[in-house]
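Undergrad: Taken in order, these protein sequences are the chains called A and B.
The first sequence begins at 1 in the numbering used here and counts up one residue at a time.
The second sequence begins at 1 in the numbering used here and counts up one residue at a time.
These aren't lab readings, by the way, just hints derived from the structure by calculation.
Hints are not guaranteed to be accurate.
Said to hold, decoys possible - Pair ranges (Cβ atoms, derived):
| hint | chain 1 | residue 1 | chain 2 | residue 2 | range |
| --- | --- | --- | --- | --- | --- |
| 1 | A | 162 | B | 6 | 23 to 33 Å |
| 2 | A | 16 | B | 214 | 55 to 65 Å |
| 3 | B | 20 | A | 158 | 21 to 31 Å |
| 4 | A | 89 | B | 182 | 40 to 50 Å |
| 5 | B | 32 | A | 158 | 24 to 34 Å |
| 6 | B | 20 | A | 162 | 21 to 31 Å |
| 7 | B | 23 | A | 158 | 18 to 28 Å |
| 8 | A | 86 | B | 31 | 14 to 24 Å |
| 9 | B | 295 | A | 2 | 54 to 64 Å |
| 10 | B | 16 | A | 41 | 22 to 32 Å |
| 11 | B | 16 | A | 38 | 27 to 37 Å |
| 12 | B | 31 | A | 2 | 54 to 64 Å |
What the hints assert, rightly or not - Stretch by stretch, here's where chain B covers chain A in the computed footprint (C-beta under 8 Å, at least three residues):
| hint | region |
| --- | --- |
| 13 | 119–131 |
| 14 | 134–142 |
| 15 | 147–155 |
To be verified - PhoX-like mimics (lysine-lysine), calculated; alpha carbons at most 20 Å apart, straight line:
| hint | chain 1 | residue 1 | chain 2 | residue 2 |
| --- | --- | --- | --- | --- |
| 16 | B | 9 | A | 129 |
| 17 | A | 127 | B | 9 |
| 18 | B | 2 | A | 129 |
| 19 | B | 6 | A | 50 |
| 20 | A | 6 | A | 127 |
| 21 | A | 129 | B | 6 |
| 22 | B | 2 | A | 50 |
| 23 | B | 2 | A | 127 |
| 24 | A | 127 | B | 6 |
| 25 | B | 9 | A | 50 |
Beta carbons: idealized from backbone N, C-alpha and C, even for Gly.
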Amino acid sequence: MESAYKKIFWGLIIATFSITLGVVTIFPTFVGWLVVLSGVSDLEDQFSDKQFSTVYLSVGALVLLSLAEGFVSISRLPDWVPALPFLFFPVFLSVIELTAFHKILEASADRLRENNHFTSSTVYNRKDKVYLVLMGCSLVLLTAALTANHETLLFFGRILTLIPRVYLLTIMHALSEENLDERLEESVPLEG
Amino acid sequence: MKQNDKLFKGILTVVSMLVIVGYGAIIYLSLDEPVFFRHDYDVEIYEGEGTYGIPFNLNYITNASDEREVIGIVFPDYPDLYFQATENVYEGLGGFEWDQPYNQVRGITYGHYTVRDVYLEIQSMLEIEELNDIVLSESTIYFSDSSEMTVDIGEIRLYSQKAEGQSLVNPYSAGSYDGVVETTYTINEDMSLSFDNNQNNELKAVADEILVNGIDVTDAEVIDMNSGDSFSVTTIAERTDNILQDYELKSYVSDITYTAEDGTENSLRLASLSMAYPEFNFLDLYRYLSARGEL
Numbered sequence: 001m002e003s004a005y006k007k008i009f010w011g012l013i014i015a016t017f018s019i020t021l022g023v024v025t026i027f028p029t030f031v032g033w034l035v036v037l038s039g040v041s042d043l044e045d046q047f048s049d050k051q052f053s054t055v056y057l058s059v060g061a062l063v064l065l066s067l068a069e070g071f072v073s074i075s076r077l078p079d080w081v082p083a084l085p086f087l088f089f090p091v092f093l094s095v096i097e098l099t100a101f102h103k104i105l106e107a108s109a110d111r112l113r114e115n116n117h118f119t120s121s122t123v124y125n126r127k128d129k130v131y132l133v134l135m136g137c138s139l140v141l142l143t144a145a146l147t148a149n150h151e152t153l154l155f156f157g158r159i160l161t162l163i164p165r166v167y168l169l170t171i172m173h174a175l176s177e178e179n180l181d182e183r184l185e186e187s188v189p190l191e192g
Numbered sequence: 001m002k003q004n005d006k007l008f009k010g011i012l013t014v015v016s017m018l019v020i021v022g023y024g025a026i027i028y029l030s031l032d033e034p035v036f037f038r039h040d041y042d043v044e045i046y047e048g049e050g051t052y053g054i055p056f057n058l059n060y061i062t063n064a065s066d067e068r069e070v071i072g073i074v075f076p077d078y079p080d081l082y083f084q085a086t087e088n089v090y091e092g093l094g095g096f097e098w099d100q101p102y103n104q105v106r107g108i109t110y111g112h113y114t115v116r117d118v119y120l121e122i123q124s125m126l127e128i129e130e131l132n133d134i135v136l137s138e139s140t141i142y143f144s145d146s147s148e149m150t151v152d153i154g155e156i157r158l159y160s161q162k163a164e165g166q167s168l169v170n171p172y173s174a175g176s177y178d179g180v181v182e183t184t185y186t187i188n189e190d191m192s193l194s195f196d197n198n199q200n201n202e203l204k205a206v207a208d209e210i211l212v213n214g215i216d217v218t219d220a221e222v223i224d225m226n227s228g229d230s231f232s233v234t235t236i237a238e239r240t241d242n243i244l245q246d247y248e249l250k251s252y253v254s255d256i257t258y259t260a261e262d263g264t265e266n267s268l269r270l271a272s273l274s275m276a277y278p279e280f281n282f283l284d285l286y287r288y289l290s291a292r293g294e295l
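Chain B with its partners taken away, still in its complex shape (with noise of 0.2 Å):
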């Protein structure tokens, strides 16, 4: 019958116009190698038997059909520092694990894209004062295929832990996807926190809006507080119209002073004050890319 080849000859033509579109749109959306995102990153170093940092990640994007790796990381600037650094972590263990199966899913795929954890963490022999306040910045990645890449993967800025921050304990931290992450610190000493305006501008430095027990760190008045009380910090970080600002990965510390019980003023580190893990998606990270002018 007539009228059906011609529905089969219409089916033929309008599958193989998608087909040839489908295979334009990968070829203009494909990465020619993976675009790691910027970072901003406070990393606190720690003395043991040698130097260690506390465990982090960097992200990056690639395809999602890219079945390398990432295996290893060198810091051309600093060659004596050892990075163990592997994709094949188990979370839940919230350390490094080698026997994950070979074939198990990298990432979270957003379309044509996956974004990847890389699981660093600092094992160096060499003495904290020579890590103190070093600058990360430009990294050799290397893949399980045995390819390179330089990247410049933003800023990490090692810092050791003060004496003062000792009264700090068991900072947590919960983040979600709008924007908000709240940290809980535990003392253990009597204190006195006071918000005065270098302090709020330090922290207002580091997100949009920062609460102190809920209330607006501009608005918090001192608070006295006996050992083993806790106090929280709520950051908020509204989003903007800038991709390449929202798709910047920060964590940051900030140091507050705070009046001892005898008097004495002393500086109190926050660690883990960071801003939430943007929420992505494939639309947001082609923005991105286009933004980089990495397509």
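The shape of chain A in the complex, shown without the other chains (with noise of 0.2 Å):
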């Protein structure tokens, strides 16, 4: 389950920082999207639930709508595709990406808790809530500045939308390093 998180933790560092030798970029933010995948998959077989269908289609859903923006960046939107629907692409991008991340959250919380990882769980609840805050201000920033099309909100929603993402990369870091299916036998439930 360690490495799933792993797995997931480098492929949202692939995701954010689209690394590029030169002119070419070498891991395109899809294949940071499909690492990701691949780690969720990884968890979906350990945690059989349903939650999990749903960070999974909607991973899947970000390695899909970042190959399709890849393509669109290279070679332009054609000219008979109004762009008006196109606007607030980046807001449903960051829309899928909470859902996916909020769900993984939750489900590991709740694993912690079912393994009398009390203390944990309520960590990574309080954790999960710090990042719906975040991505709930960024989200909102964004939408205004894209409806405006202000330049200078722009930059700050670009910006904002960076934050919870590396929050969000600590939270994996850690949760990479906790055992989650160690089960504890004389832990104290605590408030939360």
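Assemble the dimeric complex from its two separately framed chains, guided by the hints.
TA: Here you go:
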């Protein structure tokens, strides 16, 4: 299970910082999401949770959409395709990302609770809440900036979307070091 | 955790509402077709190998996402008058430059609108007498996607340089966004400039306030000058509450009389005497488009 979180962590790193060599992108965004999908697939096997089908579909959608986005950025949108429906494309991507990672964090916290890691479970629930708040703020600002087409707002909107992503990276790194399957027998449940 | 799920659903609801409102606002603000400002220009023409005009520019508003650009303009009332028209100009050269990169961003963006410049230069085989005092108004604009539109661009009045105008050389204008334009003229003969009431009225029609060498034109006395001397005319346009008036683009010339050294009275044409370019912003553009009934 720890290796699955490691895959998700590295996938997120690639998706966040597309690695380029000169003008050639070696690891484009969709490769990062593919690595995340592989990690999610490993988790799905172990969690066998209904929630994980949502996560799997969401990350799958991120792979396809980032692939399409990569093609469009190379070849431009064909003239016959209206640009307006794609105006909020970055918002849609972020909402899908939010759905996937909120569910992963929720399921991980539940698994910790099931195995009597009550303190850790509470910690990850709290981190999930912080992640939701950060993503919520960035989504609101990004949507407002795209509506107003305001350059300064757009700049800060895009910067703000990086903050929850970096926060998520720290959570995934921490989860990759947790032993979620180790069952504790004598833990005392905490309120949370 | 139920609390986190509530928060998650709340975020989805708020963002969905914002996206719907955003789409609604953008659809409402979108222009069906570009909107040309009303122009009120005096444009000088001169004779060379053919007849030419001093390059000038027309301005229009379009959606920020509009990738078309103007590639041609025809005035149906004067089909023999040929204009070079382009948005693809390197202003630093002060002339036409056709080799700009294809994807260069055109105009200045204000929210969902861009204000674009169309650079025009008259190149006609017609005699200068045939063009003098022509007023161009209705025009057919051709765009890069093969579309075209017929639009009233205001009034472009062509005038030829009069012989007396040769008394002035090197008009130099320095405009600003606060409605102040200072134009400096150099004279090439000894003269006495006087500003009587008639001249004051003509100049007053150009701007709210006119200063000659920094003195209000109504207080300016006779100015004796020698060849090579310069004098400046400053026009000050005050903003009004009428956005249609504020966003009318103006460039005038004005005639004043002077007494030459031999005592004869001549007319002096002050070219480039213009109001300042308005300062655009999204809200004022919205007000302007609403007032024009374009939204």
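Undergrad: Within a Cα-Cα threshold of 20 Å, do residue 9 of chain B and residue 129 of chain A meet the stated pairing?
TA: Holds. Residue 9 of chain B to residue 129 of chain A sits at ~12 Å (cutoff 20 Å).
Undergrad: Confirm or reject the claim that residue 20 of chain B and residue 158 of chain A have a C-beta distance inside 21 to 31 Å.
TA: Given about 22 Å between the Cβ atoms, the range holds.
Undergrad: Verify the proposed pairing of residue 6 of chain A with residue 127 of chain A, using a straight-line Cα cut of 20 Å.
TA: holds, 18 Å
Undergrad: Could you see if the CB distance from residue 86 of chain A to residue 31 of chain B stays within 14 to 24 Å?
TA: holds, 19 Å
Undergrad: Has the hinted range 27 to 37 Å been met by the Cβ atoms of residue 16 of chain B and residue 38 of chain A?
TA: holds, 30 Å
Undergrad: Can you tell me whether the CB distance of residue 31 of chain B to residue 2 of chain A sits inside 54 to 64 Å?
TA: Given a distance of about 56 Å, which is inside 54 to 64 Å, the answer is holds.
Undergrad: Is residue 9 of chain B within 20 Å of residue 50 of chain A, Cα to Cα?
TA: Judged against 20 Å, a Cα distance of about 18 Å means the pair holds.
Undergrad: Range first: 55 to 65 Å. Now tell me if the beta carbons of residue 16 of chain A and residue 214 of chain B are that far apart.
TA: holds, 60 Å
Undergrad: Taking the beta carbons of residue 32 of chain B and residue 158 of chain A, is their distance inside 24 to 34 Å?
TA: The hinted range 24 to 34 Å holds for residue 32 of chain B and residue 158 of chain A, with Cβ atoms some 31 Å apart.
Undergrad: For the pair we were handed, residue 127 of chain A and residue 6 of chain B, check the Cα-Cα distance against 20 Å.
TA: holds, 15 Å
Undergrad: Is it true that the C-beta distance of residue 23 of chain B to residue 158 of chain A lies inside 18 to 28 Å, as the hint says?
TA: Roughly 20 Å apart at Cβ, these two residues keep to the hinted range, so it holds.
Undergrad: Verify this for me: three or more residues of the region 119–131 of chain A with a beta carbon less than 8 Å from a beta carbon of chain B.
TA: holds (count 3)
Violated hints are absent here; each numbered hint is respected by the structure.
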